[in-house]
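Going down the list, the protein sequences come from chains A and B. Residue 77 in my numbering sits at position 77 of the first sequence; the count goes up by one each step and never skips. Residue 385 in my numbering sits at position 385 of the second sequence; the count goes up by one each step and never skips.
Think of the hints as simulated: they come from the structure by calculation, not from any bench. Nothing here was measured: the structure is a model prediction, and the numbers come from that model. There are no misleading hints in this set.
Each computed DSS-like pair below joins lysine-lysine, with the alpha-carbon atoms no more than 25 Å apart:
#  : chain 1 : residue 1 : chain 2 : residue 2
1  : B       : 355       : B       : 428
2  : B       : 6         : A       : 216
3  : A       : 145       : B       : 196
4  : A       : 225       : A       : 237
5  : B       : 4         : A       : 127
6  : A       : 109       : A       : 127
7  : B       : 355       : B       : 306
8  : A       : 259       : A       : 89
9  : B       : 171       : A       : 145
10 : A       : 145       : A       : 216
11 : A       : 2         : A       : 89
12 : A       : 145       : B       : 4
13 : A       : 225       : A       : 259
14 : B       : 141       : B       : 234
15 : B       : 234       : A       : 2
16 : A       : 109       : A       : 231
17 : B       : 171       : B       : 141
18 : A       : 127       : A       : 231
19 : B       : 424       : B       : 306
20 : B       : 234       : A       : 65
21 : A       : 109       : A       : 225
22 : B       : 306       : B       : 356
23 : A       : 216       : B       : 4
24 : A       : 89        : A       : 109
25 : A       : 145       : B       : 6
26 : A       : 237       : A       : 216
27 : A       : 18        : A       : 89
Non-contacting residues of chain A with respect to chain B, defined by C-beta distances greater than 10 Å in every case (computed):
#  : residue
28 : 6
29 : 20
30 : 81
31 : 85
32 : 87
33 : 125
34 : 132
35 : 197
36 : 229
37 : 231
38 : 232
39 : 235
The C-beta atom is built at its ideal place from N, Cα and C for all residues, glycine as well.
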Amino acid sequence: MKLTVNGHSTYISTGGKKPSMGNQAIFFLPGSGQSHLTFVLQTRFFAFEGYDVYAPDFPGHGLSKGNPLETIEEMADWIAVLMVKCNLKSAIIVGHSQGCLVAMSLAHKYPDLAEKLILIAGALQIKVNDYLLDKSNSSMPLAVKMMTEWGHGRNGHFFAASQPGHSLLGIGRELMMANAQDALSADLLACNQFDANNIAAEIEVPVLCILAQDDKMTPVKLGVKMSDSFKNSMCVKIAQSGHMLPIEKPDDVNSSIQKFLN
Amino acid sequence: MSHKFKFDTLSLHAGQIPDSETGSRAVPIHQTTSYVFRNTRHAAALYNMEVGGHLYSRISNPTVAVLEQRVAALDDAAAATATSSGMAALFSALLTICSAGDHIVASSQLYGANVNLLKYTLPRFGIRTTFVDPTNHEEIKSAITENTKIFFSEIIGNPGLVILDVDAVAKMCQEHSILFMVDGTFNTPYLMAPVKNGVNIIIHSLTKWMGGHGVAIGGVVVDGGNFDWGSTDKFPTISEPHYAMDGINFYEEFGPVAFTAKFRAEAMYNFGPCLAPMNAFHILQGLETLPLRMQRHIENTQELLKFLISHEQISWVRHPSLPEHPQHELAAEMLPRGAGSIITFGIKGGRDAGKKFIETVTLSSHLANVGDAKTLVIHPASTTHSHIDSQSMLSAGLTDDMIRLSVGLEDISDIISDFEQGLKAASKL
Numbered sequence: 001m002k003l004t005v006n007g008h009s010t011y012i013s014t015g016g017k018k019p020s021m022g023n024q025a026i027f028f029l030p031g032s033g034q035s036h037l038t039f040v041l042q043t044r045f046f047a048f049e050g051y052d053v054y055a056p057d058f059p060g061h062g063l064s065k066g067n068p069l070e071t072i073e074e075m076a077d078w079i080a081v082l083m084v085k086c087n088l089k090s091a092i093i094v095g096h097s098q099g100c101l102v103a104m105s106l107a108h109k110y111p112d113l114a115e116k117l118i119l120i121a122g123a124l125q126i127k128v129n130d131y132l133l134d135k136s137n138s139s140m141p142l143a144v145k146m147m148t149e150w151g152h153g154r155n156g157h158f159f160a161a162s163q164p165g166h167s168l169l170g171i172g173r174e175l176m177m178a179n180a181q182d183a184l185s186a187d188l189l190a191c192n193q194f195d196a197n198n199i200a201a202e203i204e205v206p207v208l209c210i211l212a213q214d215d216k217m218t219p220v221k222l223g224v225k226m227s228d229s230f231k232n233s234m235c236v237k238i239a240q241s242g243h244m245l246p247i248e249k250p251d252d253v254n255s256s257i258q259k260f261l262n
Numbered sequence: 001m002s003h004k005f006k007f008d009t010l011s012l013h014a015g016q017i018p019d020s021e022t023g024s025r026a027v028p029i030h031q032t033t034s035y036v037f038r039n040t041r042h043a044a045a046l047y048n049m050e051v052g053g054h055l056y057s058r059i060s061n062p063t064v065a066v067l068e069q070r071v072a073a074l075d076d077a078a079a080a081t082a083t084s085s086g087m088a089a090l091f092s093a094l095l096t097i098c099s100a101g102d103h104i105v106a107s108s109q110l111y112g113a114n115v116n117l118l119k120y121t122l123p124r125f126g127i128r129t130t131f132v133d134p135t136n137h138e139e140i141k142s143a144i145t146e147n148t149k150i151f152f153s154e155i156i157g158n159p160g161l162v163i164l165d166v167d168a169v170a171k172m173c174q175e176h177s178i179l180f181m182v183d184g185t186f187n188t189p190y191l192m193a194p195v196k197n198g199v200n201i202i203i204h205s206l207t208k209w210m211g212g213h214g215v216a217i218g219g220v221v222v223d224g225g226n227f228d229w230g231s232t233d234k235f236p237t238i239s240e241p242h243y244a245m246d247g248i249n250f251y252e253e254f255g256p257v258a259f260t261a262k263f264r265a266e267a268m269y270n271f272g273p274c275l276a277p278m279n280a281f282h283i284l285q286g287l288e289t290l291p292l293r294m295q296r297h298i299e300n301t302q303e304l305l306k307f308l309i310s311h312e313q314i315s316w317v318r319h320p321s322l323p324e325h326p327q328h329e330l331a332a333e334m335l336p337r338g339a340g341s342i343i344t345f346g347i348k349g350g351r352d353a354g355k356k357f358i359e360t361v362t363l364s365s366h367l368a369n370v371g372d373a374k375t376l377v378i379h380p381a382s383t384t385h386s387h388i389d390s391q392s393m394l395s396a397g398l399t400d401d402m403i404r405l406s407v408g409l410e411d412i413s414d415i416i417s418d419f420e421q422g423l424k425a426a427s428k429l
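Only chain A is shown next, with the shape it has when bound in the complex (with noise of 0.2 Å):
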C-alpha cells in the first residue's frame, strides 16, 4: 500500500494482505540500501499467518520517494510516524542490520510503540569502513558489489537458493542498485554514527536475537553482546548463513520467530 509521509510517496508491503487492523501488527525493519523485498520470504509468510504486516521502504529506498533519511534517530522518528498514519498504538518490530538500529532507537525513544523487538544479523554499534564509506558516495556499482559479495554466505556464493531458479547475489545487486543514489551512503554514515551501548539496557521490551554464525558485516560475538545487553533477551544462531540471514535461511528465520512469538 502507498501512504503520504512527510509529503513523500512511501510504499509498504503488507505481504500481499490488507492489514485487518485488529491482528497483531508486525513491523519490518530493512538494513543499509535495503529495502521491503529483503523480506520478501518474511512478509508474505506472516501476512498468511494471521499478522497485519507493514514492511516499510525508507524515503529514497525501493518504491518510497523522498531524500534518505541522515540518521537513525530520524528513521526511529518516522518510523513513529508511519505508526500514528496506519492508526497503530504499537506493534511488534523486526529489523535487520541497520533495522536493528533504528528498532532499538525506536523501542528507546518511543517505548510505548514497540511490543517486543526481534534483532536479525545486528550490533549495538556498526561501523562502515572508510573504503565502502567512500565507494558508496564515489562508486555506487563497486559498493552494492562488496556488501552483496561479504552480506552472503554459503548459499548466497553457491547460488543455493528456497526459491527456485533464484539468485541471492543477483537480486541483492539489483534491489541495492533500484535505491536513489545517496541512498546507500547516507545508509552507512548513519549506522557508523550510531551507538546503541547506552540505550540497549534502558530497552524493556523482550527481545529475540537472531544471529548469522558466518556473518562478516556483524560478526556472531557482536550479536550475542548485543543480546546480553538487554534486560529480557534470549539468542538464537543459525548455521551455514551469512549476513543475509532472512533469504539466505528463511525458514529458520521464519521459524524462530515464530517460536518467539508464541
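Here the structure of chain A is known, so what remains is to put chain B in place on it, guided by the hints.
This is chain B only, laid out in the frame that chain A set:
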C-alpha cells in the same frame, strides 16, 4: 564467505550444495512429479509464494532448479527458469509480457523458427512484429511505437552471423521503456553475459553449447532483474494487480524478479513448458565443462577459418572474427573471448557443390543442430530455414550456396582432413 567464485568454478558448483543426508556429489535426479507437503499450512504457503520450495514438477523441480541457478550464476543475472526447449523459452517469455494488441520489434536476422513464431503464429493472437535490420539503429528506433513492449534479437544472428550492438540497443530500449530481450544461444554466458550491458531477458537454447553433447533438448529464460517495471505503465500484468493469487502485484512483491515470479506463476503453471529432470541432469553435465569446451570450440574455429580462407574451392567465408566481416571491430570489443564457433561459407559450384560436400564428409555430421561437441554441417536453405519465405531468407542473410558449419572439438587436423576430401569431391562436379 566474501569472495565471489569465478566462471569456471560456478560452471561446476553453482546451484548445488550437496545434501547433508546422502552426501551425493553429483546433482541428484529428482524423478518425481510432486512433493509431500509438511502440513496444510505448508501446502498453502507454497501455493501463495510465501515460502520457497517445490509443489509440482511442472512449476519447479529440485534438479531443474540447480540448472536454473547455475545458469543465473553464469549469466550474472537475478534468476532463471528452465523450459522444455529454447523455443518454449522464447514463446513463454514473449507471452509473459505481451497481450493482444501489443507490438514487438525484432531483428530480421533470426533462426527460422523464431521468425515463424513472430511472423505467423503470434499475429493470430493479436501480437504483431516489425522486423528490422539489427545493425540499422535508426530503423529500430522508428519501428518502436506506443504499444511496443519488446525489442528482440539474437546477439550473434543465426545463420547470418550479424552482431548486435548490445550497448547501443540497450540505451535505445531504456529510452523507450521497452524490454530488451536477446537470444544468447550462439554466444553462451562464456562469451558474453549481457545483463551488465543492459539486456533484461536472455533466452538460451540449452540444447546447443551449454548442454553441448547433443543428448537433451532444453531452454532457459534468464531474468536480468534490471528492468524498472515501475517506470512505465506499459506492463500492467506485472506492475498492477494480477489475477493470480488474489490480485498479486508482481513488481511490488518481488522487485527485481517480478518477471520470473510471473513466469513461474503463469507460464509454467498455465502453459506447462517444463524441463524434464533427466534432461536437466544431462545439461548440467555439459555445463560443468562449458568454459573448457568453449575455449576449444574457439581455437578450432580459428584454425578452420585459416584453412577455409585459403582453399581454392571456397568462394566466400563469413565469421565475425574475420576482418572483412562488417562488424569485426564490434565483435572484437563485445566478444573478446571469441565470436562463436559457427562459420558460414559458400562452395564454388553453388547448391550442387554444397550438396556434394555435405554428402561426402564423413567425420562431420549432417544434421539440424549446432553447438554439439562434434562438428556439424548443414545447408540452411533446404533445411532449418526452408519454411520461411524468400524475402525473409534474404533478410536473414541466407544464400542458396550457404553451408553452416558448427565447429566441434575433434582434433583440428582430422576436421581439416575431412573437409579436404569433401571439397575435393565437390570440385569434381
